[in-house]
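Novice: The primary structure of each chain is shown beneath.
Number of protein chains: 2
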Amino acid sequence: MSWGVDNLPYGVFSCPGERPRVGVRYGDRVLDLAPALHDEVFAAPSLNPFMARGRTAWHDTRTLIRNKLTGDLAVTEPHLIPLEHVRLHMPFEVADYVDFYCSLEHASNIGRIFRPGSEPLQPNWRHLPVGYHGRAGTVVVSGTPVKRPSGQLGPGEFGPSRKLDIEAELGFVVGVPTEMGSPAGAFEDHVFGVTLVNDWSARDIQAWEYVPLGPFLGKSFATSVSPWVTPLEALPRLPGRPQDPEPGGYLRRQGDWGLDVHLEIVLNGEVVSRPPYSAMYWTPDQMLAHMTVNGASLRTGDLFASGTVSGPEPDQRGSLIELTWNGTEPIKLPGGETRTFLQEGDTVTIRATAGDLTLGEVSGTVG
Amino acid sequence: MSWGVDNLPYGVFSCPGERPRVGVRYGDRVLDLAPALHDEVFAAPSLNPFMARGRTAWHDTRTLIRNKLTGDLAVTEPHLIPLEHVRLHMPFEVADYVDFYCSLEHASNIGRIFRPGSEPLQPNWRHLPVGYHGRAGTVVVSGTPVKRPSGQLGPGEFGPSRKLDIEAELGFVVGVPTEMGSPAGAFEDHVFGVTLVNDWSARDIQAWEYVPLGPFLGKSFATSVSPWVTPLEALPRLPGRPQDPEPGGYLRRQGDWGLDVHLEIVLNGEVVSRPPYSAMYWTPDQMLAHMTVNGASLRTGDLFASGTVSGPEPDQRGSLIELTWNGTEPIKLPGGETRTFLQEGDTVTIRATAGDLTLGEVSGTVG
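Residue numbers (the working numbering), protein chains in the order written: chain A, 147 to 513; chain B, 147 to 513.
If we strip away everything but chain A, and leave its shape as in the complex, we get (with noise of 0.2 Å):
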């Protein structure tokens, strides 16, 4: 089944008139943590107080869980909740967020888009994976309408974006924290799971602003995220994408974190887009440890970000921006429509799976 024992991601819902708490999603249920696995842990209304125990209790609460619902299900099906009884709620409370730029061919494409006749890639960009700050006041779960921003378009000019996007990415969540002055440890003692992203773009304010400092009002307005946080442990792995040259030193590879995830962008109901992330040049290993290697400390909640997810063929592209050329190449949609940016009324829904597992769903409408 779906959402079966294999799966098994954590959220944060609620039911009409109590507090949000912990479940995890089993089919088209919602196991009610605290009191299944008599754990006050789970009646906090986010992940932080569970994910910053650590690898071992996030494998022995998984084990645990497993057992509940693959042991005498009377016992567990009090606690099990239908779906629609249930508002799903942001999973975990961020603490910093870190958006990456780890798809070799997102940053070719966008390179090409902003600097035509420039080498696509600059310098720096195969020597590490170029990341930056985003705003984690406005991370919001899946489901948050997203009003189309206003802003400087260029000089003098002033007005809603006339190029809203999306960005496709995963996004990996930090349970346990490091100090100040020592770099993270090994990837899987910090990473507690993956959520998807949706890392909402107004490309027209993004381009008149990022020079020197990088990208700020074109992308602070809305950062969505799936209500569904897989546990590291669930994913399926393959070896990270060859790399020219080949990192040393804190960049060398912790193991295989390549991630075998197939990522679907889907607009207003049509599959417009099927990014591997498995395509992906810079693993979340990488990006974790050059993220701590100045001493930067880790926080329970912090998000950090892979950047667009783009492969190498057209229908692989992860933003509007790439697959429609900065707008160059109308998108087709059913019934005669064809987009370049994102219109009102718009609904954008990035859908995942890794092998038999789904990653569920972050979907916003525009307006």
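What the hints contain is simulated information worked out from the structure, not anything from laboratory work. Treat the hints with care, as some may be off.
Given that identical chains are not distinguished, each listed pair holds provided it fits within a single copy or across any two copies.
Below, a list of computed lysine to aspartate or glutamate pairs in the DMTMM-like style, where the Cα atoms sit at most 25 Å apart [unchecked claim]:
hint: 1; residue 1: K478; residue 2: E164
hint: 2; residue 1: K293; residue 2: D335
hint: 3; residue 1: K293; residue 2: E325
hint: 4; residue 1: K293; residue 2: E303
hint: 5; residue 1: K293; residue 2: E379
Starting from the known structure of chain A, fit chain B onto it as the hints suggest.
Specialist: Chain B alone, transformed into the frame defined by chain A:
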């Protein structure tokens, strides 16, 4: 007297064996607010709950404290604790941290240093206050030691930064949040007070990493703030510096938010620069308006900093990269020592006054 009733900055302190709580500095003592005002909001280990109450509460509380301190001191005396008996903590819990780039002279100097032969200012600089998100989790209180970061210094080159620098800034602390989708209202309705900021910077790491997404590891290892937050109400104000072109629309100035603050940078006991805040080009009301014009929400505890404060004179520059022109013109210190960038054991203190007020200091030692 210094730190008198016209000053009254807020901080978080603890006595040995006791929990951190909110106090106000008065002379060389700290007024223990929770018992003095019979208000449990001050028993919190951060200013956030009090800051969330809003402008009327801020004003009324300030009046109440002044009355206590100018009235029958016998009543208040038991709640005044000598500074030497207390430890000072991070005064507020940082939500998001944004760093701006609001000094015309600083931006011009950096442009000349990093891009010699080109126009020093980017085309957008006079049209908007350029800013970016920094790492909230590594904002620390004055006195926290700063470890020299390691990182990539160029292609294939890794090691401790050889260009460890400081940036003297003012920081603005948000008390009253906004909803996503709605720009902020009046500056003084949201911003609680002002702190001194040292935005430690590793210039070699920054120079290699920052294109195209902005500074990341060159800044994220540490940002220090002063322990005392001066209420906005206490600060002497000036008209903002004239702007060309004069900004309209959402960037039209909301009042006289030029601040008559004089900074000093002290390196190992020697004053090496005196940056005047009145020289800043973009005023803090413009920063706030810009940061939220796209609908990005504010949270209690958001910190936005001005960017390096540099005046027009060479001895008014707010960073070592400017003061030593990227290391080509070393600073002379007493005893025949010189400095380009920071060495192990160096102590940097940024202090400031505003009229008769002191804003205290933010200090840190490398190593």
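Novice: Okay, which hints does this one fail, numbers in order?
Specialist: Hints 1 and 5 contradicted; others consistent.
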